[in-house]
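**Student:** From the two separate chains plus the hints, produce the assembled complex.
If you read the sequences in order, they're chains A and B. So in my numbering, the last spot in the first sequence is 325, and the numbers never skip. So in my numbering, the last spot in the second sequence is 260, and the numbers never skip.
Just so you know, these hints were derived from the structure itself, not from any lab. Some clues are possibly wrong.
[Stated by the list, open to error] Per label pair, the in silico range of CB-to-CB distance:
#1 B:Glu33 - A:Leu297: 47 to 55 Å
#2 A:Arg108 - B:Val38: 31 to 39 Å
#3 A:Asp66 - B:Gly10: 13 to 21 Å
These numbers come from a predicted model, not from an experiment. Just so you know, even glycine gets a beta-carbon here, dropped at the ideal spot from N, CA and C.
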Amino acid sequence: MSIITTKGLTKNYGKIEAVRSIDLNIEKGEIFGLLGPNGAGKTTTIGMLCTIVRPTSGTAAIAGCDVIKEPAQVRRKVGIVFQDPTLDTVLSGRENLELHARLYGIPRAVREKRITEMLELVDLRQRSDDLTRTYSGGMRRRLELARGLLHRPAVLFLDEPTLGLDPQTRARIWEYIKRMAQVEQTTVVLTTHYMEEAEQVCDRVGIIDHGRIIELNSPDALKESMGGDTVMLKVKEPDLEKIRSLPYVSKAAVIDGLVEITMRNANQHLPDLLSHIQNVECVEIKVPTLSDVFIKLTGRDIREDAPEDSGGWVDSVVRYRQRGS
Amino acid sequence: MAMPDAANNGFIRRELMGIYAVWWREFKVFQREKSRIVSSIVQPLMWLFLFGSGVGASVSVSNINYQDYIYPGILAMLVLFGSVYFGLYIVWDRKLDVLKAILVAPVSRLSVFMGKVLGGCTDVTMQIIILFLFSFMFPSINPWGIPQALLLLFITSIALVSMGLALGSLFESLEGFQLISSFLIFPLFFLSGALFPVDDKLPFWLRGLVKINPLTYAVDGVRGALLNIHIFPFYVDFIVVTFFAVIMFLIGSVLFSRMK
Chain A
1 MSIITTKGLT
11 KNYGKIEAVR
21 SIDLNIEKGE
31 IFGLLGPNGA
41 GKTTTIGMLC
51 TIVRPTSGTA
61 AIAGCDVIKE
71 PAQVRRKVGI
81 VFQDPTLDTV
91 LSGRENLELH
101 ARLYGIPRAV
111 REKRITEMLE
121 LVDLRQRSDD
131 LTRTYSGGMR
141 RRLELARGLL
151 HRPAVLFLDE
161 PTLGLDPQTR
171 ARIWEYIKRM
181 AQVEQTTVVL
191 TTHYMEEAEQ
201 VCDRVGIIDH
211 GRIIELNSPD
221 ALKESMGGDT
231 VMLKVKEPDL
241 EKIRSLPYVS
251 KAAVIDGLVE
261 ITMRNANQHL
271 PDLLSHIQNV
281 ECVEIKVPTL
291 SDVFIKLTGR
301 DIREDAPEDS
311 GGWVDSVVRY
321 RQRGS
Chain B
1 MAMPDAANNG
11 FIRRELMGIY
21 AVWWREFKVF
31 QREKSRIVSS
41 IVQPLMWLFL
51 FGSGVGASVS
61 VSNINYQDYI
71 YPGILAMLVL
81 FGSVYFGLYI
91 VWDRKLDVLK
101 AILVAPVSRL
111 SVFMGKVLGG
121 CTDVTMQIII
131 LFLFSFMFPS
141 INPWGIPQAL
151 LLLFITSIAL
161 VSMGLALGSL
171 FESLEGFQLI
181 SSFLIFPLFF
191 LSGALFPVDD
201 KLPFWLRGLV
211 KINPLTYAVD
221 GVRGALLNIH
231 IFPFYVDFIV
241 VTFFAVIMFL
251 IGSVLFSRMK
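Pulled out of the complex, with its shape left as it was, chain B reads as follows (with noise of 0.2 Å):
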């Protein structure tokens, strides 16, 4: 079906600007929740000097101090809960009416899907950040491998916000949270690596849920750029990431125009 070029250019124009809107809210809410990135912020550092220093006194992994072996791990972690806990958060947003107005507006789903997604995002980016601040702190880091590490965790952020979202379209109170973060969260995070080396030396049924966890990739790929420790070349976690990511935006893109 042909369409004039006008009114194709006028409507990719609008829905540019509503998945623009949706973000800019999104940004607004970040910039206005100072204690909620503090805390977001916190926990990880607590990871990695109180549980990384307790445990690195009598271990270290490769030839190198725990706490920096589990550092590219602990903003794995980050990226997952506040991904999965940000695209969660719209169980609230529909309770409290405010996606309502958002979707009567004249903008596709998708549009607002897709804003949403590039907002949880930059949120989760933006800690990332702050977390890499810390970075000299840790002496094995090599910061030129931070860009590439970056990268990485963004679009794994993309995979996981839109999890969250897509959890968030079929969930209608908060009760589900603690189911999500049992059965979910927390097995996808110590299934990652993100604490442990995952060699010959862990039983073969930990070894085959580790590899079939896309989070591994995305903390081989991190490790493998700070640390250059890693199971795959860059590339196969690059792949696996992004394939990750894909399917989670459509299955997320999906259950989002379809909720009521």
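So here's chain A without its partners, still in its complex pose (with noise of 0.2 Å):
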């Protein structure tokens, strides 16, 4: 079942297309990946879901409500960590999510429950009543994880959750965020440009460039599609007619002194072809990445124009100022 549908979805900035007719089907329970270079439409595609920015046309839809014609429902309905962080500082961790939980209406008999409930769940009990001032990088994403999950919406948008924080942190984030989509049922839709992290955690990724969605599916089909792995083998005199005879081999050349051979799960498949050829004197595997992928598709890596990790709310800032102008 679809939770959030989109049609055409489009915005304008003045003559700057951000976001350019997207179609869109996120079923009930994924973690669903927007993968695109900074500018690429992903924050502005968000926006759109979570009612911050009006579409310029088209619909969109989450779990049944109108993003333009019923936003308070779908406000009700979606969990928000924004890419800069939004916590505030002068409350504490247990504040800052009561605050939260007036906000959305959450009954006070089931208020103080759910807080510590979602306080357990990333591991800030026993700081929660410190000022969030005091929190690491690290201890501030994961309050915004429990905040943005505390009134159980049933989407939950993460715009690039790991952007700033050091490698070990990002990895735990990542965790969190499986296992809290998993104890709270909830969809997750986030963007990122940690390619080999979207890999590991999205179970759908759709790649964006120039505000349009050039191809989405499964990170295992995507990498699929590259046409399967490369293994490299240094032989004296091979038996280029054997190895293509092999059936899960595709491909069989000899580039540069070295025999380049193309087939599916290499992991698998070496001991077997190893077994076919004498005098192996080198290996290498060769596994396609997402990255590999976003080369192919669009010509260029998604690093040469990775969001810079500074400075950020002054983009936000613009953002905001061209919302619905």
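**Tutor:** Given below as structure tokens:
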């Protein structure tokens, strides 16, 4: 069942076409990643789905509620974690959640229990009475995740949830995201430009470039579309015919003195492959990554125009000013 | 358009909870920033005891001590500065993205605005109450007039917090602060009769400016309540200040709702 559907969703800022006619169906319970370089339209798309940005044309519905006609209902059904931190640093962790609970109309009877439950889920219960200005970057992100899920949204939007964090913290945040999506049975829509991270977390990814979704599939299927894995061997007198005759091999050629073999599931078939070849001196396996897929589709590396880690608020102010104009 | 009662009640309940949530946040901030409260009280006290004693040594007005005479004016000053700066502070909130999380919640902008206004008024009223604790040091003050004065100052605060929020919605950086201080807050203060009597001795142009300043009516009403010295009857002061508050509230809520 689709929890998010968009038809021809479009946003123009003056003459700039930020998002061009996006058709999406996101299934209930999946973790969906929107991948693309800075300025590709990821944040604008999420903004439209959360009713922060008004679409120029097209429609979008979340759990059956139209983002243009029923914004209040949509807002109640979504949780958002913004790219830039939005915690109230004058308040403690618990107070931040209390404020959010009241804004989302969570009844007093369940409020305390729910807040404690979420603080436990992100392992912040011990620190919950400290002001959030004393929290580390990773702790702040975790509290924001807890806040985003506090009112049991049908969909949780995460805009670059690991931006500006160190690699270890990033890995932990992804663990929390996966765990929380599972415990809370929430659909998660996220944007990121860390391809290898998206690969591990997302059930499906949509690659977005210049405001269009140019490819949409599971990470495995996208990688398979690259034609399989590449194995390079250093061999004296290779028997190419024999290699080509193996069922899992699709191509084999000698390039720069190395035998380059394109095949399915190299990790699994390598022992068998090697058993057919004599005198192998050296082996290298190259498994395609989402980054390779991205380069193939767009002709450039996503990191070439990765978002800058600081000065984000200026961008967000600019985005907000443009809203509705 | 008829709405089922249940849905209607739910809507009103949620909006009220939203107003309360925003107010609650402001109140927490107020409780935490003790140094700010101290400094905001010290300044009016300096006006009363340093400026007031200095000028009062050679000046008395309407047969009372100059310090006592300006006490109502200094209360109005505290309301003016405290309220407008409170409102302007949203520029900073927006810069730090604190408001962003509140503005995407399923609560109307009007409710967020109301919560902010109430939060600011509470903040200022608490400071006024602290200043009232010093009123025993001014022998001419009639303590029975305090509730009436407090009411008028509260309404004035609604007007001025709304004005601050309205301006804060328009500005995107803190650079505008100096301009607003110089060209709005100080003129409103000096032209309110807070520090001098508004009588026939004033040059006509100054008297004219003082009479079109809504803050004059707040000062006059408070001075009437506390010292029984006034130009206008209390009901006139009350009506003018209330009208000012309604207008500012409307302008503020519109600008705040349009804020990006």
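**Student:** Which of the listed hints are not met by the structure?
**Tutor:** none
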